[in-house]
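S.K.: The chain contents come next:
2 protein chains.
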Amino acid sequence: MNYPNGLKKSNIKDSSIVKTISHSNRGMTLESEINDSNQYYREEDIAIIYKKPTPIKITKVDYPSRDKATIKEAFFTVPSTTDYNGLYKGYYIDFEAKETKNKTSFSLDNIHPHQIKHLESINKHKGISFLIVRFTTLNETYLLETKEFLEFINNNNRKSIPINFFKEKGYIIKDGYRPRLDYLKIVDQILEVYKCEKKN
Amino acid sequence: MNYPNGLKKSNIKDSSIVKTISHSNRGMTLESEINDSNQYYREEDIAIIYKKPTPIKITKVDYPSRDKATIKEAFFTVPSTTDYNGLYKGYYIDFEAKETKNKTSFSLDNIHPHQIKHLESINKHKGISFLIVRFTTLNETYLLETKEFLEFINNNNRKSIPINFFKEKGYIIKDGYRPRLDYLKIVDQILEVYKCEKKN
Chain D
99 MNYPNGLKKS NIKDSSIVKT ISHSNRGMTL ESEINDSNQY YREEDIAIIY
149 KKPTPIKITK VDYPSRDKAT IKEAFFTVPS TTDYNGLYKG YYIDFEAKET
199 KNKTSFSLDN IHPHQIKHLE SINKHKGISF LIVRFTTLNE TYLLETKEFL
249 EFINNNNRKS IPINFFKEKG YIIKDGYRPR LDYLKIVDQI LEVYKCEKKN
Chain F
99 MNYPNGLKKS NIKDSSIVKT ISHSNRGMTL ESEINDSNQY YREEDIAIIY
149 KKPTPIKITK VDYPSRDKAT IKEAFFTVPS TTDYNGLYKG YYIDFEAKET
199 KNKTSFSLDN IHPHQIKHLE SINKHKGISF LIVRFTTLNE TYLLETKEFL
249 EFINNNNRKS IPINFFKEKG YIIKDGYRPR LDYLKIVDQI LEVYKCEKKN
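Those protein sequence lines, which keep their order, are chains D and F. So for the first sequence, the numbering used here puts the first residue at 99; every next one is plus one. So for the second sequence, the numbering used here puts the first residue at 99; every next one is plus one.
Calculated directly from the structure, the hints in this document are not laboratory data. Quantities reported herein were computed from a predicted structural model and do not represent experimental measurements. One or more of the hints may lead you astray.
[Said to hold, decoys possible] Straight line, CA to CA, 30 Å or less: simulated BS3-like cross-link-like pairs of lysine-lysine: (1) D:150 to F:265; (2) D:187 to F:267; (3) D:222 to F:201; (4) D:196 to F:265; (5) F:201 to F:265; (6) F:222 to F:149; (7) D:265 to D:150; (8) D:155 to F:149; (9) D:187 to D:149.
All chains, please: the whole structure from these sequences, using the hints.
M.R.: The following block contains the structure:
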C-alpha cells in the first residue's frame with residue numbers, strides 16, 4: 099500500500115518512478131524505517147502514530163458472498179492530508195516524509211499544494227507538524243518544522259529548498275537501531291520550545 | 099470508500115449487511131453526517147478532523163503508463179485503529195462511529211478488539227477519544243467517552259451496552275443544520291472537565 103510516487107519497485111517497469119525509493123546501505127526506504135519506528139513506539143507504549151492508509155477511489159466491487167468483497171477496480175487518489183499522524187505525550191503529531199536523490203536541494207514538487215495547506219492548518223491549530231526529508235545519496239535525514247517550511251515558501255520564489263536550509267533551520271535525525279529513526283527525540287526538543295512559548 | 103460493514107447499498111445484494119446503513123428521515127447515514135460536519139469544521143477553520151481512508155490490501159496493480167496505475171484486485175482489511183482522528187484546539191481527537199438498529203442496546207460485536215485496544219492507548223496518552231453511537235430506529239445519537247466505555251467492558255460480561263448506559267454516562271448529540279452533527283459542542287464540555295482534572 100503506497101502512493102503512486104512510492105510504489106513498490108517490483109510492480110513498476112518505468113524506472114523513472116522508482117527514483118524516490120531506492121536508498122541507503124540498508125536497503126530500507128524512509129517509509130519502512132518510519133513504519134518500523136512507529137511500531138516500536140507503539141509496542142513500547144511511547145506514542146501512537148500511524149501511516150494513514152493509501153487513499154483510493156473504488157470503482158468496481160464484487161460480492162461473491164457476504165464476507166468476501168473483492169475490489170476489482172480502483173485508482174490511487176491524490177492525498178489531501180499528510181501521510182502520518184498520531185498522538186505523543188498528549189500532543190497531536192502530523193507529518194509528511196519524502197526522499198530525494200538530489201544532493202543539493204529538495205524540490206517542492208514533492209509536496210502537493212493541499213498538503214501544504216493542511217500543514218498550515220495543523221500549525222495554526224497548535225498541532226506539532228513537520229517534514230521528514232531524506233537526501234538518500236548523502237544518507238542524511240532532516241526534520242523540518244512546518245513553521246520553518248512555511249517561512250521558506252512564503253519568502254522565496256524558488257522551486258526547491260536548498261539543503262543548507264535544512265542544515266540551518268532543521269534537525270538532523272541520526273540513524274539508530276531501535277528505533278531505526280528516532281524522530282521523537284527531535285520532537286522532544288521541539289516540545290521544550292513549544293512549552294516555553296506557551297508560557298510566555 | 100467504506101468498510102465492509104458500511105458498504106454502499108447499491109453495491110450489495112445481501113440485505114443483512116445493509117442493516118447498519120439505512121437510517122433516519124433524512125436518509126443520511128451517520129458516516130455522511132460526520133463527514134459533512136468535519137468538512138464544515140474544516141471550512142470554518144474550527145477543527146481538522148478526517149475520516150481515515152479505508153484500509154485495503156492491494157494484490158494486483160496494472161501500469162499501462164507511468165501516470166495511470168489501476169488497482170485490479172484488492173481486499174478490505176480489518177482496521178487496526180478507529181475511523182476518525184484529528185486536531186481540535188490543540189487536542190488530539192480520536193473516535194469511532196457506529197449505527198445500530200437495535201432499540202435497547204449496542205452490541206459489542208460492532209467494535210473490533212484492536213479498536214478497543216487503540217482507544218485504551220489513546221486514552222492513556224491523553225488524547226480525547228470516544229464513540230459516537232446512533233440508535234437509528236430511535237433516531238438518537240450518543241457520544242460516549244472512552245473511559246466510560248472501558249469502565250463498562252471491564253466491569254461487565256455482557257456482550258452489549260444497554261441504551262440506558264448511554265443515557266446515564268454519555269451525551270446526546272442533537273441534530274442540527276450546520277453542522278449536521280455538532281459533536282464538538284460535546285467535546286467542549288469534555289475539555290472543560292479535562293482541563294480541571296489537569297489542574298488538580
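S.K.: Confirm or reject each hint.
M.R.: Now for the hints, and whether the structure bears them out:
1. D:150 to F:265: Cα-Cα ~33 Å, so violated.
2. D:187 to F:267: holds, 27 Å
3. D:222 to F:201: violated, 42 Å
4. D:196 to F:265: Distance ~47 Å between residue 196 of chain D and residue 265 of chain F Cα, so the pair is violated.
5. F:201 to F:265: holds, 13 Å
6. F:222 to F:149: holds, 22 Å
7. D:265 to D:150: holds, 28 Å
8. D:155 to F:149: Given that 30 Å is the threshold and the Cα spacing comes to 14 Å, the pair holds.
9. D:187 to D:149: holds, 18 Å
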